[in-house]
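**Student:** Chain by chain, the residues run as shown.
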Amino acid sequence: MTTIKARFWITALVLLAAGLVLCAHLTSNTLEFSQYNTNWNGTSSFFASLDRDTTVMIHEARELAPFTNDATLLIIAPSRAPTDDEILAYQTFLDNGNTIIIADDFGQGASILKKTGSAITLPGGQLASIDRQYANPYTIAVYQVRNESPVGSCPSLLLNRPSRVEGGEPLMMTSVLSWIDNDGNRRLNAGETMGQFAVIASERISRGRIVVIADPSLFINAMQVTEGGYANDCLMQNLARPGGPLLVDQMNTRTTDTEGLSRILHVIRTQFIGEVLFFLLLVLVALFAWREKKL
Amino acid sequence: MTPRFRLLLLAIPILGVIGAIAAISAGPLIYSLNAETFNSPFHENPDALKTQVLNSTDDVLPLMQDLMDYSGPLVLNIRLKDYEQARRDLEIFTQNNNKFRSLVVRLDMNESEIAEFSRSTARQKELLQDLANSSARLDALQNLEIQYREQGDRNGLVSVRLEGEELKKKIHGIYDEYKENSEKITTTGETAGLNTESEKESLQEFDAYVREIESPGTEVYTPTRTTQLTLAIRPESGVYGDRIEGSGQLLTQSGLRARSETGKPVTLAIDTVPVTASATDPFGRYTLNFTIGRLTAGTHSLYAESGVTRSFIETLIIVPVNSTTNLSVSQPDARGEVLCTGLVLAGRPVSQAPVEIVWDKTHVTRTMTDADGLFSATVRLPNGTHTIAARFTGDGYPIRPSQSEPQVVEVIIRSIIPQIPILPLVVAIGILSLFAGGSWYYLRRKAGRPAADIPAPESPALPGPDIRDEPVPEEEIPAGPGEPAPMEPLAARYARILNSGGLGAAAREVYLHVAGRVARRLHIPRHTALTPRELSRSCRKEPFCPQFATFVAVYERVRYGGYHAAPARDEFENEMKNTLPHLGGDDH
Chain R
1 MTTIKARFWI
11 TALVLLAAGL
21 VLCAHLTSNT
31 LEFSQYNTNW
41 NGTSSFFASL
51 DRDTTVMIHE
61 ARELAPFTND
71 ATLLIIAPSR
81 APTDDEILAY
91 QTFLDNGNTI
101 IIADDFGQGA
111 SILKKTGSAI
121 TLPGGQLASI
131 DRQYANPYTI
141 AVYQVRNESP
151 VGSCPSLLLN
161 RPSRVEGGEP
171 LMMTSVLSWI
181 DNDGNRRLNA
191 GETMGQFAVI
201 ASERISRGRI
211 VVIADPSLFI
221 NAMQVTEGGY
231 ANDCLMQNLA
241 RPGGPLLVDQ
251 MNTRTTDTEG
261 LSRILHVIRT
271 QFIGEVLFFL
281 LLVLVALFAW
291 REKKL
Chain F
1001 MTPRFRLLLL
1011 AIPILGVIGA
1021 IAAISAGPLI
1031 YSLNAETFNS
1041 PFHENPDALK
1051 TQVLNSTDDV
1061 LPLMQDLMDY
1071 SGPLVLNIRL
1081 KDYEQARRDL
1091 EIFTQNNNKF
1101 RSLVVRLDMN
1111 ESEIAEFSRS
1121 TARQKELLQD
1131 LANSSARLDA
1141 LQNLEIQYRE
1151 QGDRNGLVSV
1161 RLEGEELKKK
1171 IHGIYDEYKE
1181 NSEKITTTGE
1191 TAGLNTESEK
1201 ESLQEFDAYV
1211 REIESPGTEV
1221 YTPTRTTQLT
1231 LAIRPESGVY
1241 GDRIEGSGQL
1251 LTQSGLRARS
1261 ETGKPVTLAI
1271 DTVPVTASAT
1281 DPFGRYTLNF
1291 TIGRLTAGTH
1301 SLYAESGVTR
1311 SFIETLIIVP
1321 VNSTTNLSVS
1331 QPDARGEVLC
1341 TGLVLAGRPV
1351 SQAPVEIVWD
1361 KTHVTRTMTD
1371 ADGLFSATVR
1381 LPNGTHTIAA
1391 RFTGDGYPIR
1401 PSQSEPQVVE
1411 VIIRSIIPQI
1421 PILPLVVAIG
1431 ILSLFAGGSW
1441 YYLRRKAGRP
1451 AADIPAPESP
1461 ALPGPDIRDE
1471 PVPEEEIPAG
1481 PGEPAPMEPL
1491 AARYARILNS
1501 GGLGAAAREV
1511 YLHVAGRVAR
1521 RLHIPRHTAL
1531 TPRELSRSCR
1541 KEPFCPQFAT
1551 FVAVYERVRY
1561 GGYHAAPARD
1571 EFENEMKNTL
1581 PHLGGDDH
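Same order as they appear, the protein sequences are chains R and F.
Using my numbering, you'd call the opening residue of the first sequence number 1 and step up by one each time.
Using my numbering, you'd call the opening residue of the second sequence number 1001 and step up by one each time.
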């Protein structure tokens, strides 16, 4: 390779690497639960682990209609109250014999549960425990009490600032050394009683099933692999591959939060017109480059 | 792409790297937990939590179980008068209790059921200690009662009986309080899913023991001695640091007379624990001294022992005293480390005692006092304002606990530069600067040359040979006897150099001229960076290109192939003549 060719390729590689790094930097963000957030508090790892052949991103309520019997809809950290259309779609989805899994602690999950007619509630209250992995009472260990999907074969989990669930059939519970930290001081004070609390529960509704996980933080990158032998990865695998189609709610979730260039890329990726415009832009760039080469 | 634009593209990443280095050079902490562990209302950052001390049920529950498991056997051993085993159990019970109390502090559970459990077990430990001492004293009184009865000493008999009754009442009181504590412990233990059987057994044993000692006609073991060992202690009560003297005589029954034993070892024991030893003198006498150190306040039983011979039990009362703990804290250094020094006094220095340095009420560092009661410990603090206090808990000592005045320390860790080796950083920046400077010089030098590389056809001046851009080394082109005139025609130059430097040099002169004109026609900047063959390949779709390719082939044979004979020269001159007209312009 001659000197000029080597120089050209080295320059091109440096520019390409710099461009990739810049792109990766600009397309990521630090928003809580965002699937574009590669930091500890994002959910990029979970979304990257989803099987593209069996996973469908649900952007509109009507997209739920075709699924019958064995589909699972995953709603992670809902950010707003559900619309009437969404509630109707959820109810129909359950009537069709499917499963809805809601992962939420203090957000709008309670509203979805109430409107879909579920007996499970998210009464709130910060759970704390001595039974924990780190020197922080909000990172608590919970244990399986019922070997059912999606917690089957996952004996224990480590949660991160969870709430609790009431009603339904408990699937995972805390140990007895747990309490509701009403005053938020992370200590067990007089008036705060220790006891066992359910954190994951399920319920049959119509022909379908609802599972409530009182901690959406299970999905963040930092909780995918935990110390102490907790089976968080087992739960994530069960959720990512439920057996039937996995539908991930993109209508009402913090996981779609974007900002800056990441928002633009998100629009390009998720909207057909965006894809067309981007393709046209690429063609224009290619044409320009071709014109340069001719000269 | 123009050279200026290319330079700009390269300059952007280089300036970016230099800018990034400049941005972090003041505080080269690229990853900072403080910066990364921003408060999130949704979750904690496990990466940040990994750096903190782990305490969980992994620690709490086994300790709770241990504490409950020891209480049953302990009471049983006291009931069976196996004070040695009871003492060992009590020692372990005390250690576990101390561990548990520390754990409760670290877990921030001072107001919880667990803390209540800790307080109950701590009180239980004191009660069991009292029970062991009282039980030993009761045994001693029973022995005395037998002795007085044998001697017919009615006054002594009444005295020991009265004291015995008082002790029985005391033991009953201990039982009542123990029962209350034990019920609390059992309730908390059951809540935590622990096995409370041992705790319940301890209460049953205690109950049985109390009924035993309170029932009239309790049979006691009557020792039969052929050898007698006496013991007297002075003073009979004291405080921490007081010196206690025990003395007596070892006598052996020899017929109707007592014979003194010489050179026999004698050991003094407090609560069945040997504390000092000596030997009898020629008169069978002995003196043993000890200083009140780590002994709890209250009543202790003392006896002397020589072989299988044991003296009657004497009682030592240790009175608790107040203590003071002083603390001084040094200014924090660059790493946030402070030196905590202080003194623990209880009328006199408290030596070899544990001291806890507590900062921000939650973090505990432990150290020990030296022989003079002085202690020191280094504590590393994070940025911010902290309060530090030293406390002496008094556990196991006849000294009441004390705590120093809290000291406020402001820690500002300005930079971690001292922790980072400066030299590698400087070397790295130097290498980067060198690289950037070299790149800049190289590009600038190359960027500055194109104007000279492409001679204008109307310009009479030809570029000089640039041997640096040639792919093969070559000799200097001789300028001939005189420098070429500015307007010297190409043919004349060729002839002149042919005569002075040979065909190779002359052919190069012609090639450079032709190449310059081709490059100008094709808008090729810095054509001297290209080999003749590359320049020939770059020449396409122009009428003169085929002829130029032929010219280059002949030139390469002459210049690099070593063909300098007449046919080669003729061929070259022929191609030169054929090529120049295709290029148009002046042949200067």
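Hint data in this document are derived by calculation from the structure and do not stem from the laboratory.
Keep in mind that the hints are not guaranteed to be accurate.
To be verified - Here are the computed distance ranges between Cβ atoms for each label pair: (1) Asp1176(F) to Val225(R): 28 to 34 Å; (2) Asn182(R) to Ser1376(F): 39 to 45 Å; (3) Glu1337(F) to Gly274(R): 32 to 38 Å; (4) Gly117(R) to Ile1412(F): 53 to 59 Å; (5) Asn182(R) to Glu1337(F): 50 to 56 Å.
Unchecked claim - So, partial list: chain R residues that the calculated Cβ filter (under 8 Å) puts toward chain F: (6) Ala135; (7) Asn136; (8) Ser156; (9) Asn160; (10) Arg161; (11) Leu177; (12) Met194; (13) Ser217; (14) Ile220.
As the list claims (entries may be wrong) - Just a few of them, taken from the derived set where beta-carbon distance is under 7 Å, the chain F residues facing chain R: (15) His1043; (16) Ile1092; (17) Pro1581.
If you're wondering where the values come from, they're calculated on a predicted model, not measured in any experiment.
For glycine and all other residues, C-beta sits at the position ideal for the given N, C-alpha and C.
**Student:** Going back to the hint list, which numbers does this structure go against?
**Tutor:** 1, 3, 5, 8, 16 and 17
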